[in-house]
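Once you've looked at the hints, dock chain B with the ligands against the given chain A.
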Amino acid sequence: MSRIGVFICHCGENISRTVDVERVAAQVGKLPGVAFSTDYKYMCSDPGQNLLKKAIQEQKLSHIVVAACSPRMHERTFRKAVEAAGLNPFLCEMANIREHCSWVHEDKEEATAKAIEIVGMMVERVKKNRVLPTITVPVTKRSLVIGGGIAGIQAALDIADCGHEVILVEREPSIGGHMAQLSETFPTLDCSQCIMTPKMVDVANHPKITLYTWSEVELVEGYIGNFQVTIRRKARSVDEDKCTGCGVCMEKCPIKKIPNKFDCNLGMRPAIYVPFPQAVPNTPVIDRANCTKFKTGKCGLCQKVCGPGAIDYEQEDTLVVEPVGAIVVATGFDLYTIDEKPKGSAIKGYGEFGHGKIPDVIDGMTFERLASASGPTGGKILRPSDGKEPKQIVFIQCIGSRAREKGISYCSKVCCMYTAKHTMLYHHKVHDGQAYVFFMDARTPGKNYDEFWRRSIEEEEAVYIRGMVSRLYQKGDKIVVMGSDIAVGVQVEIEADMVVLATAVQPQKGADSLAQKLGISYDKYNFYSEAHAKLRPVECATAGIYLAGACQGPKDIPDAVSQASAAAAKVMTLFAKDKLEREPIVARVKEGGCVGCFACKKVCAYGAVEEKEIRDRQGNLIKVVAYVNPGVCGGCGTCQATCPSKSVELDGYTDEQIVAMIEAL
Amino acid sequence: MPTKNSLDYAYYPGCSLHASAGEYDLSTRKLFKALGIGLTEVPDWFCCGATPAHNVDELLSLSLCAKNLELAEQVEGDLAVACAACFSRLKFTQHTLEENSTKRKQVETAIDAPVKLDGKVKHLLEILARDLGLERLAASVKKPLSGLKVACYYGCLLTRPPDVPNLDCIEAPTIMEDVLGAVGAETVAWSHRMECCGANFTLSRPGVVIQLTNAILESAKAAGADCVMVGCPLCHGNLDIRQKEIEGVYKTTYNMPVFYLTQLVGLAAGLSADQLGLDALIVNPLPLLKEKHLL
Ligand SMILES: Cc1cc2nc3c(=O)[nH]c(=O)nc-3n(C[C@H](O)[C@H](O)[C@H](O)COP(=O)(O)OP(=O)(O)OC[C@H]3O[C@@H](n4cnc5c(N)ncnc54)[C@H](O)[C@@H]3O)c2cc1C
Ligand code: SF4
Ligand code: SF4
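Read top to bottom, the protein sequences are chains A and B. Quick note on numbering: the first sequence equals residues 1 to 665 in my numbering. Quick note on numbering: the second sequence equals residues 1 to 295 in my numbering.
Okay, chain A solo, but in the shape it has when bound (with noise of 0.2 Å):
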């Protein structure tokens, strides 16, 4: 006969405001098998838990429900609880009386009555809750980084500072990402070259950090502590390891004018490149949809003056399979590209601001590339049509951002503070020129942030008007920008030399495929999910798997970087236990009943069943049936709502204690 505990809690006045809390213990202790009930203030507490251990042990308690808040929030912390009184945290199951109960309803008698049939549901249930052993798996402990910008570079130097061997991807010929496409940087405006640099040859130089550049993450398999990941290693068409970087097929290339996308195509770069002087590794890449050799199999120039040897025409693609233990998912943003008006996307471009058309209307990180000494104007703000110095500038924040009817509801986050950067930049390069900004509001939460905001404006004389841009349009070789002032109700109109749009920051372009690889979940904007918004910001709710940067949502320099720390902190965590527990809640297979279909092997989205032969003594097959594989099996269920046999559950959410519940209402 079971003794089962009920815990009732109050939330504070949570759930105490719309439940009568102590009815609730009083006529759920009168519920067979129910041997001690009763409520407290807050449950999860440190009072709230040496209560409920104190009774499992006086009351010698050998079931437990937690009326409280829901077990997202806290099935862990009082299963732990219980499991320090002796139990097995198992036996333990919380009813959910706040979002279910007392959040959604405002008559005290009615959501009173609802709680009580919620805890006499999970009473019911926890009858039939079994015994769960722990399960160990061992953990691998080497680590991917996926994506070599700011915040993937952190976050493999952190991990390998520790020891940890970090296998670092990523997709474009030189790690950097777009900090080193920066010219200065807010809030201190130290030159974003000096100071990423020196980081990224840490990584060149690391000799726990293996890096695979012009590489992509194939494939994905296996699970926290064990997965196993392809990686193709795109054929770069130069030879790695005799590569001396001396730079001279870059000079002999005929071909010449290709727009370099590191420069936003203002600047030329060769067939065979690298993507910008600083770049690591500093060996070049043939870009074969652009090189004579590969269009017409004449040429081979760069192969006849490269010293050591090391162009290869026929090298391919490789693919190369690293164990590891975690993974971190860096990879960056993009910027939102208005001439194009993505199709099948719900957002609508902004053809009406002429970018792409007009050509003096540019992107914030074209004006980085202006404004940066190494940049294709050696930091001379230029307009791109005709050379000339831009005397009156207008600058266009929320460009995609915060526009909901457009398709993207979210702030940038970044482009109020590099605004205010540019206006800076500007002035002290053109003495005689007028900076005008356009803007909703200024946010500039972040330390020393709001002072150089302001800066820009009381001494670096920019004009910050407060309103929305309708209309550019090029009149001669001036911009005429048609917007208005609402601080002064008046429409006001601009002939400006050079327009800078502050476009929306998204995600990488497939950043969805890399996610479905992964197995990690991203919202409506493909911006990767968090486990938790406040308590779990750099995890996955995919166990093993971290975030770091501005995939995860838009984010400035230092947000990034200490994000990128945390994750490596949360995979050195990982890493500091040789065997790894998880937890028992994973489907298994009664075979006597499995007829071998494998309908579940078909939809488990995990790759968790395999097929295993039934042998008989003399070693006769006798049948072919699943199998789960407790270290892969994510706990979703999805097996035992299809098995036609009923032959597959998950531990935790047998069919018997859903049937329980059912019948206990």
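None of the hints are false.
Taking lysine-lysine pairs in the DSS-like style, the calculated list, with each CA pair at most 27 Å apart, reads: (1) A:Lys478 - B:Lys221; (2) A:Lys475 - B:Lys221; (3) B:Lys221 - A:Lys357; (4) A:Lys127 - A:Lys41; (5) B:Lys149 - A:Lys475; (6) A:Lys257 - A:Lys298; (7) A:Lys517 - A:Lys602; (8) B:Lys251 - A:Lys475; (9) B:Lys149 - A:Lys357; (10) B:Lys149 - A:Lys478; (11) B:Lys91 - A:Lys348; (12) B:Lys120 - A:Lys348; (13) A:Lys478 - B:Lys251; (14) A:Lys41 - A:Lys114; (15) B:Lys149 - B:Lys292; (16) B:Lys244 - A:Lys475; (17) A:Lys623 - A:Lys612.
Pulled from the structure, derived: some chain A residues nowhere near chain B, Cβ distances all over 10 Å: (18) Ser2; (19) Leu51; (20) Glu83; (21) Lys127; (22) Val137; (23) Asn226; (24) Val430.
Here are the computed distance ranges between Cβ atoms for each label pair: (25) B:Asn200 - A:Arg72: 51 to 61 Å; (26) B:Ser101 - A:Ile486: 32 to 42 Å; (27) A:Asp477 - B:Pro144: 32 to 42 Å.
Derived by calculation from the structure, the hints in this document are not laboratory data. Where a beta carbon is used, it is the ideal one built from N, C-alpha and C, also for glycine.
Okay, now just chain B with the ligands, sitting in the frame of chain A:
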């Protein structure tokens, strides 16, 4: 058995088309006939309330439109609308009553009938570009408008606000250019195609209208257009009827004919100047059309 023509519409001309914009009505009927598109005028239709009603009394405005929508149910087919302002009001009514059940009930009481919202309201442009389709439209061309440079003027109501008319992209639509492209005309890229002409201020604040329309004509001219095309009798009034006055105020000459979309498409379909009511236009288009060998 004869198959039912899927291109049959109920037709809501709106008051302007029975008055100052008679040529829009005439050219619409002739063009649609030539293209094999059926139009049956909604029996007993009346004013939709554009442009003043919604500024004065929302319930009145919604009820006027809802009643017209109810009347339109008597005729088979989607509702074809020529005037951008009527189109906007009818779409607005559908949208508002869909979203707001309180207003819906009030309107049902006012018109003493259940409100039906499933009927589709379509601007003529949609019928030409989507229902008939650009390919069939191109196939119907007898006299391509080659050499004619047209500034397509959308005005403010055809695409805005978001989620209401759903005609095309709100700020950068192409449907007019698509239609004209199909009949061989050249369309210019210009800055003021989505600006407001001042529509309902034409009588109360002519000063404002003159300023706004001047900017529109100036921009069309700067872009090298020979003429302007519109899909709205109110825009037409401001740009065409007031053009002389604007020229006088700004001491300039535009001499820029302003056509209804059905007139230009009709020309390409081989209809005559009479059938299209070209003589009703204030800025005489005949010299331009002769020069381009289109008449
Ligand atoms: C115009 C502008 C100015 C800015 N100025 C400042 C400033 O002054 N100060 C400041 O603090 N912040 C600034 N920021 C913000 C700053 O750029 C970001 O905070 C920072 O770059 C985020 O770093 P990240 O590593 O998360 O992403 P990223 O820099 O985007 O790096 C992501 C990396 O992952 C790689 N990658 C993407 N997908 C894959 C894949 N599938 N496989 C492998 N690799 C992949 C990318 O190639 C890239 O190298 C600015 C941003 C903009 C747009
Ligand atoms: S490929 Fe050869 S030529 Fe080019 S940088 Fe490397 S060593 Fe120099
Ligand atoms: S679905 Fe059921 S019967 Fe079919 S293989 Fe899986 S466990 Fe066996």
